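Keeping their order, the protein sequence lines are chains A and B. Numbering follows this note's numbering, in which position 416 of the first sequence is assigned residue number 416; successive positions increment by one, without gaps. For this note's numbering, count along the second sequence from 1 and bump the result up by 476.
All the given hints hold, so there is nothing to weed out.
Listed next, the stretches of chain B that the computed footprint assigns to chain A, with coverage defined by at least 3 CB atoms under 8 Å from CB atoms of chain A:
1. 659-673
2. 678-684
3. 878-886
Far from chain A by the CB rule (all over 10 Å, computed), these chain B residues:
4. 576
5. 700
6. 701
7. 806
8. 817
9. 826
No lab work stands behind these hints: they were computed from the structure. Note that this is a predicted model, so its numbers are computed, not measured. Ideal Cβ positions, reconstructed from N, Cα and C, are used throughout, including at glycine.
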Amino acid sequence: MNSRRHFLTGAGAITGAVAAASVSRVAMAALPEPVIQDQPDTAPPLAPPNGRPYDPVVTLNGWTLPWRMNAGVKEFHLVAEPVVREMAPGFKAHLWGYNGQSPGPTIEVVEGDRVRIFVTNKLPEHTTIHWHGQRLPNGMDGVVGLTQKPIPPGKTFVYEFTARRPGTFMYHPHADEMVQMAMGMMGFWVTHPKGRHPLIEPVDRDFVFLMSSFDIEPGSYTPKVMTMLDFNLFTFNSRIFPGIASMNVRKGDRVRIRAGNLTMTNHPLHLHGHEFTVTGTDGGPTPPAARWPEVTTDVAVGQMRQLEFVADEEGDWAFHCHKSHHTMNAMGHGVPTMIGVDHRKVVKEITDLIPDYMVMGERGMSDMAEMEMPLPDNTAPMMAGQGPFGSLEMGGMFTVLKVRREQPPGDYRNPDWYKHPAGTVAWEFTGSLPASPRAPAAGNGAAPPHRPAGKQDVEVRVRKPGAANPHGGHDH
Amino acid sequence: MPIPSLRITALAAAALLAGCATVDIDQAVGQTNETAAGFTQGRLELSRTAQQQERRERLAQQLLAEPLGQAEAVQLALANSPALQALVAQGWSDLATAAQGGRIANPVFSFERVRSGSELEIGRLLSFGLLDLLTLPQRASLARNQSAQAQLQLTRDVVDQVSQMRQAWVRAVAAQQQLDYAGQVNRSAQASAELARRMQAAGNFSKLQRARQQAFHADATAQLATAQHAATAAREELVRRLGLSDAQAAQLRLPDRLPELPAQPRTPAEVSAAAVDQRLDVRMARLQLDAAGRSQGLDLLTALVDTEVGIRRDTQFDNADGSRRTARGWEADIRLPLFDWGGARRAAMDAQSLAAAHRHDDTVRAASSQLREGYSAYRTAWDRARHYRDEIVPLRKTISEENVLRYNGMLIGVFELLADHREQVGAVVAAIDAQQAFWLADAALSASLIGQPLAAAPATPLRSAATGEAAAH
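Given only the sequences and the hints, what does the whole structure look like? Please build it.
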């Protein structure tokens, strides 16, 4: 349950964190009550109860932070603290985040808003927050040592500035940031335009998420903070498929997806069934002349992209990072390729010694998704997720855009799987096959390949299922 | 063919001692059985008759029909081992020899026939060692002492044999277990090698990757051969200790595994030095000390004061006149201590007594120390074996199970899984070593308690266990 309703009522009994002994109650009394979220579900959009009006966003598997108006200033309260984030059902990570979750709540303001953010540090070490992409006084930029003192554990600091520029932003620590970002400290920030903006079109659905990566040893809970590149979990908002919510829209909706990249590598985000344009970056809205249609856009490290399209094709459309390892969960990158290797007889030997052994990989890795075998505690399978046609064989940065004619406007509920009109699903061909043309020999037309004297051609054997010997014809 | 020759020895010993009614070997063996009840379970006997022989053979057959446990192995050795029979026969001989010292020498009858011209003189002398007679009580007591020593020696020899047989049994069973596990490692390595061969054939492995897996297998094969011989050697050692014939050796079956550790180790109180007085080695030293003291005066006396008395009857015949005269009388011999008043001899005896006294003290002191060391070896071996059983092996098992889960999740590959299995087997092998060390120490402590110490079993690990790698590859 989302507990933001407690915020303005000041009802008090808000999930645990308020009572932290390390923060002075007297100091806290003057602050806006922090709002804590204890669920990783996608919260419905938060319509602004006061201040300038705007069209709210929906944070994928997240929520928007409520505020308090104080003499015309929007006051937010972020609490940096250890959290338990459910990354997928049955798999929980011990992270650091804000207000009960990682990533922290999305902050939504309007261009020109005076914003005051109280940041209470309940981490075991000092922190700061950097407001990535904002125009603000230098002393509010949140770089420890350079523009401010660190926020010690148990203390609350105040950041105050005017949100000058409409656009898509994020926030993250700039103190021990390698560790703190590896632990999941980050959040989204949207500054809505004040009134009509020539480069910012109103949309019907506005989804936001951050991309982050973690290195969590299967069977453990805490990310390895020293990892530089070898992450094993790639997430949208610290959720991995099948834990990520789908993006549910009405047919014909104008849809905006804003994504920020706080991982250590780029992510080519790819949408099926539609073309989109990149209408904005963290530098602001892109000029119309700079926009061109795409189905994949690369989001580099530390960047934000804002994709827009009209969802005019009904169905369940995949939306994912096109790096195929990033649509897998934890896996062993040192596991040898077993494709085409006949295990017969050896299997008997191995199962005599290791009774729970099962052959996998002989025909590829989809075995993995099909067989539900016991895994180490607190480990999401490498690929999972059941769709209407079976296993999706996916993990990590993968979700589904669900476009439905009957989805009510403003309704974000998950419709079930798409019901395909008859004759619109790929079907099995049962007729007789014509002879298929073969590629001509190498070297056709272009310069002939160089062949060193004495070197024999390496015979390349292509294995195809269904042949008399399915294992490539090597003798045993 | 040891059996017939030993049988002859036994029979010869029996014949030699047949006239000696006072040495009862069955009683002596009974006493040994009683003293070493923990070892013989009262079942040792010297077999002299066809029925006894037959009974022994029948018992051996019965015991060999089932896998031979440790207690059964002791019974079998007692019933079957010619070496033990020889030991008992030898003990009989020693007992008899010792008893001999307590008897009076037989009287000497000398007969003279001297012809001088027409005279013929016939002299008859019946003489006794007077000193023999006088010192009889002392000598009888000495002989008893020596009999007791021979008795103790017999017991010690039996205990020693049985203890060594027990250790041989432990080694033989453990070696067989190790062989089983070496076989497992080998099979795991073989599976890796075969899979690697197929991987290379399918183009998924380089020559180097395949060679690595092949090398594991080659190593494992060498280790299996070593384990095979070790098992054979340990078994044959046991066969010799049990004194099995070829046919019996072929029948011999051993249990699959060593006995479980006892739930509780023996307590220090059970093994306290209070029992030191009853130890065989201490009793032996005390007997030797007594004997030294008791024989001191006696030996000096017999060396210096050799006396004999005799009754003489001489008859003279004179063929010339056909007359005859008879003379009767007695004679006494006495050695005159003119040149040797026994000083040197007395000094030697004093020295020997002193030596015996110090040997006794030394034995008593060493006995306590040996017990403490033996107990430490025993206790350490128990603790280690339990640590392996309750900590290391379960941990290894957990690692194995977790690795299977990681294999399931495609987090590790089958080669890692097989390599891990080899490591786990290494830990089990080390655990068996620890269990073997315990049972060896147990046998050693039992022997030490009764007073026939064996070399203590090593308390140090035979191989590195915690890592397992060394053992695994």
